[in-house]
Amino acid sequence: MLTFIFSCVVIWQLLVPLCLKGYSPIWISLIAVCLLCAIIIFAVAGFGVKGWTAFLGAFLGVLCSCAMAKVFTVLLNVNGAVMTRSQALYFAGYEYLNMTDLFIG
4 MLTFIFSCVV IWQLLVPLCL KGYSPIWISL IAVCLLCAII IFAVAGFGVK
54 GWTAFLGAFL GVLCSCAMAK VFTVLLNVNG AVMTRSQALY FAGYEYLNMT
104 DLFIG
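Be aware that the sequence shown starts at 4, since it is given in the numbering used here, and climbs by one per residue.
Hint data in this document are derived by calculation from the structure and do not stem from the laboratory.
Nothing here was measured: the structure is a model prediction, and the numbers come from that model.
Check before you lean on any hint, since a few could be wrong.
What the hints assert, rightly or not - Here are the simulated lysine to any residue pairs, SDA-like style, with alpha carbons at most 20 Å apart:
#, residue 1, residue 2
1, LYS24, LEU100
2, LYS53, VAL36
3, LYS24, GLY108
4, LYS73, MET102
5, LYS73, GLY108
6, LYS53, LEU63
7, LYS53, GLY64
8, LYS73, PHE62
9, LYS24, TYR97
10, LYS53, THR6
11, LYS73, ILE31
12, LYS53, ILE43
13, LYS24, PHE106
14, LYS24, ASN101
15, LYS24, GLU98
16, LYS53, ILE42
17, LYS24, ALA35
Unchecked claim - Label pairs and their computed distance ranges (CB to CB):
#, residue 1, residue 2, range
18, LEU78, TRP55, 31 to 37 Å
19, THR76, TRP55, 29 to 35 Å
20, LEU17, LEU66, 14 to 20 Å
21, GLN90, SER10, 26 to 32 Å
The beta-carbon is built from N, C-alpha and C at its ideal position, and this holds for glycine as well.
Use the sequences and the hints to build the structure in full.
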């Protein structure tokens, strides 16, 4: 339950505000996922070989997924502007947001 509460705090107090301030959503998301993976996995498995293996596997999987998403959004010309909430963000004063990077993150 503590890791769930920590996840909610990281998302709403770190990830969302930093993305809205204009930081790169991809890098902020990767940092948040790394932090969450570390806290959750090490809280459950400890700092032994099993914990480190689980952490590295989870984080490298997320890193590969992010890299593939970046490549395929360019190749397939996919952007985040098709999200239903993107217009609301633009009209709320966040026109500087890169919707494609937000979509990937």
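Structure-based check of all given hints:
Taken as a hint, the LYS24 and LEU100 pair is honoured in the structure, with Cα atoms around 9 Å apart against an allowance of 20 Å. Taking the CA atoms of LYS53 and VAL36, the gap is about 19 Å. The hint holds against a cut of 20 Å. About 15 Å separates the Cα atoms of LYS24 and GLY108, which keeps this hinted pair within 20 Å; it holds. Taking the CA atoms of LYS73 and MET102, the gap is near 12 Å; set against the 20 Å cutoff, the hint holds.
In summary, the hint linking LYS73 to GLY108 is supported, as the alpha carbons are separated by about 9 Å, within the 20 Å threshold. The suggested pairing of LYS53 with LEU63 holds, with an alpha-carbon distance near 15 Å, which does not exceed 20 Å. A hinted pair counts as satisfied when its Cα atoms are at most 20 Å apart, and LYS53 with GLY64 qualifies at roughly 16 Å. The straight-line distance between the Cα atoms of LYS73 and PHE62 is roughly 16 Å, inside the 20 Å bound, and the hint therefore holds.
Note on LYS24 and TYR97: the hinted pairing holds, with a Cα-Cα distance of about 9 Å set against a maximum of 20 Å. At most 20 Å may separate the alpha-carbon atoms for a hinted pair to count; LYS53 and THR6 meet this at roughly 19 Å. Restraint check for LYS73 and ILE31: the C-alpha separation of about 15 Å stays at or below 20 Å, so the hint holds. Taking the CA atoms of LYS53 and ILE43, the gap is about 13 Å. The hint holds against a cut of 20 Å.
Between the alpha carbons of LYS24 and PHE106 the distance comes to roughly 16 Å, so the proposed pair stays at or under 20 Å and holds. Our distance criterion of 20 Å between C-alpha atoms is met by LYS24 and ASN101, whose separation comes to about 12 Å. With a CA separation close to 11 Å, the supplied pair LYS24 and GLU98 stays within the 20 Å bound. Pair hint LYS53 plus ILE42 holds up; C-alpha atoms about 14 Å apart against a cutoff of 20 Å.
This hinted pair checks out: LYS24 and ALA35 have alpha carbons roughly 16 Å apart, not beyond 20 Å. Distance hint for LEU78 and TRP55: a CB-CB separation of about 34 Å, consistent with the stated range 31 to 37 Å. Between THR76 and TRP55 the beta carbon distance is about 31 Å. The supplied range of 29 to 35 Å therefore holds. Look at LEU17 against LEU66: about 19 Å separates their beta carbons, and that is inside 14 to 20 Å.
Separation of GLN90 from SER10 is about 28 Å and conforms to the stated range, judged on CB atoms against 26 to 32 Å.
The structure fails none of the hints (numbered hints given earlier).
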